[in-house]
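Peer 1: For the record, the sequence lines run as chains A and B.
Just so you know, the numbering used here puts 150 at position 150 of the first sequence, and the rest follows in order with no gaps.
Position in the second sequence (from 1) plus 1000 gives the number in the numbering used here.
Some hints could be false.
[What the hints assert, rightly or not] Within a straight-line C-alpha distance of at most 30 Å, the following computed DSSO-like cross-link-like pairs (lysine-lysine) qualify:
| id | chain 1 | residue 1 | chain 2 | residue 2 |
| --- | --- | --- | --- | --- |
| 1 | B | 1135 | A | 41 |
| 2 | B | 1260 | B | 1017 |
| 3 | A | 41 | B | 1138 |
| 4 | B | 1223 | B | 1268 |
| 5 | B | 1277 | B | 1287 |
| 6 | B | 1037 | B | 1110 |
| 7 | B | 1028 | B | 1277 |
| 8 | A | 41 | B | 1168 |
| 9 | B | 1306 | B | 1028 |
[Claimed, not checked] Examples of chain A residues lying across from chain B (beta carbon under 7 Å, computed):
| id | residue |
| --- | --- |
| 10 | 58 |
| 11 | 68 |
| 12 | 95 |
| 13 | 101 |
| 14 | 103 |
| 15 | 109 |
| 16 | 141 |
| 17 | 165 |
It should be emphasised that the hints constitute simulated quantities derived from the structure, not laboratory data.
Ideal Cβ positions, reconstructed from N, Cα and C, are used throughout, including at glycine.
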Amino acid sequence: MREIKYAEALREALAEEMRRDERVFVFGEDVELGYAFTVCKGLIDEFGPERVFDTPICEQTIVGVAVGSSMMGMRPVPEIQFCDLLPLCMDQICNQAAKLRYMSGGQVSFPLVVRSPAGRWGGFAAQHSQTLDAWFMNVPGLKVAVPATPYDAKGLLKAAIRDEDPVLFIERKLLYQIPGPVPEEEYIVSFGEARTHREGSDLTIVAIGRMVGIALEASEVLEREGVTATVLDPRTLIPLDKKAILESVTKTHRAVIVEEGPKTGGVGGEIAALIAEEVLDSLDAPIRRIAALDAPIPFNSALEDSVFPNAHRVVEVVRDLMSF
Amino acid sequence: MSEIRKISESRLRELYKRLLMVRRFEEKVDELFRKGKIYGTVHVSVGQEAVAVGVAEALRADDLVIATHRGHGHCLMRGADPRLMMAELLGKATGLCGGKGGSMHIVDAKRGMLGAMGIVGEGMPIAAGVGLALKMQKREQVCVCFFGDNASNGGPFHESLNVSALWKLPVVFVCENNLYGLSVPLKKTSAVEDIAVQAKAYDIPGIVVDGMDVLAVYDEARKAVRRARRGKGPSLLECKTYRFLGHSRGDPAYGPYRSKEELVAWKKRDPLLVINKDGRLSPEDVKEVEKEVSEMIEQAVRYAEKSPEPDAGTVLEDIYVQERCSPS
Ligand SMILES: Cc1ncc(C[n+]2csc(CCOP(=O)(O)OP(=O)(O)O)c2C)c(N)n1
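Next up, chain A with everything else stripped away, as it sits in the complex (with noise of 0.2 Å):
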């Protein structure tokens, strides 16, 4: 199968639902020259200006302008340039978006996604490398999609375009110019199932975003040591595939969570009580979260090092879950 990467990917996802659907439009900061991440990059030269704008910076009204739209019936697709800017529009994301269908009992519905790029860049310091997929994860009325790779975020985008709820789309900066299979002919990837990135019998690893990565260059160095481990990744946050956890965690007795965004309040909390929660018996050790640490994301590299999780702290996390 031909290889592209991430980003490409998106962008394809984005010219087959616009060539498919005329209702379907992008815009945001800096999306006619595809700015800052390249995934909108060319549009513009096959969709026009119409359907490819760039706005002012105003992302409370940049994702308004979507809410509004989507309402009359268009399929608006917002670039968030940095997730840490979603703050700015939490209220039309979670307060409107994701309310106003539910308080209009039914009336009125929001097919939009919003797109925006999460976690570590590089040297980008506090305010532009956050994770903050757990803060929408409390959120009803919302899905939220965190691919990994390019085949997901191809099939997920599509997916997410073709909805008729409100999405928040949520990619990592790490991942735009990673390369992966993708088939040429059009396929989407359901939301709320998860996918099997590698089966084993020792543990369940559940994996979001870059942190799958992570979580297979680890089980490759455990299956070294005799240890084979299940990667899991739910690829939608919500919906969550609970029974694909719940089930896999059934076969193999152990379960390790692993996220980019900080371990308290985060994905891992969730994902770990509701294994708890429903199959605490078939454990045969505790549950590992493996997340940032709860700090802000420093600048010097080594301290950045530092706050994320990788392939060793991983393996040393499974290491001791298999001692018990």
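Fit chain B with the ligand to the known structure of chain A by using the hints.
Peer 2: Here is chain B with the ligand on its own, set in the frame of chain A:
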């Protein structure tokens, strides 16, 4: 004198009726709230009716409205059924939103009442989005966005005016300047006395109008709507008005933050008096209209009170269009 003053007797009577409809509806809501029949909170617009009625008069049936937490009048003026509205305020299954929205979020999408926003100012970017969709879809409709004076102090006001002006969106921003945001007077919250002057910053028309005079509001709204419909872009219409009752939850009309004298002075300019200052409506007309409206409101209350509570199972409905949740 504006040419609008020449409207026919029958039209004048109709406008009077609409003003009275909003007035009686709101008074009833206030009463029901005080009796404990309405749960939560209500924000009524008694005294401000000329804005909702005057703006609605300038709209076509297919135009669209984004309203505020004080949105009963806007919803009624889109032609919503008062019975279904009252049922919603009582939280009933038959309510416009099935009892899930209530007073602050009264919506009647079929009639172009797209949303009533509980978060101050946040309807404004959404209205810009509605306007953008209308423009992209090459439809000749217009979106009116109501907001309060205090909403003009937040970011969404400026952001939305900027993009709407920049992209020439068919939106009319209507400020209902009732001089207070909760208990805080405009003097303490806004650096300018006339919110309309801020339109200058975005190179669009900013018009101050007497918000107690339904014909004056209609007159200016008509111009702004025409401009929007012709693709010339947004306007900012500021209606100077006053609420005769408290901010919400049945709080008092005066004291501690407003004086009785101020209230009395504004009541001399009651929209129901101003519309008939030339005496074109006879006392018989007025009486007749009063009777029609009272019956309509009583009917609405009866309908709402008789309506069933929502089924408990509906609590998990309407969260998503496509549920697609995990098969847990
Ligand atoms: C962003 C936000 N802040 C605070 C509130 C609480 N609140 C509800 S109404 C209101 C006053 C609004 O004043 P104004 O915009 O002038 O409208 P009015 O109530 O006078 O119609 C406030 C502060 C809110 N709903 N939203």
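Peer 1: All the hints need checking, so say for each whether the structure fits it.
Peer 2: Checked hints:
1. Proximity of residue 1135 (chain B) to residue 41 (chain A) is assessed by CA-CA distance (about 25 Å); at most 30 Å being required, the pair is judged to hold.
2. With a C-alpha separation of about 28 Å, the suggested pair residue 1260 (chain B) and residue 1017 (chain B) falls inside the 30 Å cut-off, and the hint holds.
3. Taking the CA atoms of residue 41 (chain A) and residue 1138 (chain B), the gap is near 27 Å; set against the 30 Å cutoff, the hint holds.
4. As the CA atoms of residue 1223 (chain B) and residue 1268 (chain B) are separated by approximately 28 Å, the hinted pair is consistent with the 30 Å bound.
5. A hinted pair counts as satisfied when its Cα atoms are at most 30 Å apart, and residue 1277 (chain B) with residue 1287 (chain B) qualifies at roughly 16 Å.
6. With a C-alpha separation of about 27 Å, the suggested pair residue 1037 (chain B) and residue 1110 (chain B) falls inside the 30 Å cut-off, and the hint holds.
7. For the given pair, residue 1028 (chain B) sits about 26 Å from residue 1277 (chain B) by alpha-carbon distance, which is consistent with the 30 Å threshold.
8. The hinted pair formed by residue 41 (chain A) and residue 1168 (chain B) meets the criterion: a straight-line CA distance of about 26 Å does not exceed 30 Å.
9. For the hint linking residue 1306 (chain B) to residue 1028 (chain B), the alpha-carbon distance of about 16 Å falls within 30 Å, and the restraint holds.
10. With its C-beta approaching chain B no nearer than about 4 Å, residue 58 (chain A) sits inside the 7 Å limit, and its interface hint holds.
11. Against a cut-off of 7 Å between C-beta atoms, the interface hint on residue 68 (chain A) holds, since the closest Cβ of chain B lies about 2 Å away.
12. Contact between residue 95 (chain A) and chain B, as hinted, is supported at the beta carbon level, the nearest pair being about 6 Å apart and thus within 7 Å.
13. Taking 7 Å as the C-beta cut-off, the interface hint given for residue 101 (chain A) holds, the closest approach to chain B being about 6 Å.
14. Given the 7 Å rule on beta carbons, the hint for residue 103 (chain A) holds: about 4 Å separates it from the nearest Cβ of chain B.
15. This hint holds: residue 109 (chain A) has a C-beta 5 Å from the nearest C-beta of chain B, less than the 7 Å allowed.
16. At its closest, the beta carbon of residue 141 (chain A) sits 5 Å from a beta carbon of chain B; the interface hint therefore holds under the 7 Å criterion.
17. Interface hint status for residue 165 (chain A): upheld, as the beta-carbon distance to the closest one in chain B is roughly 5 Å, under 7 Å.
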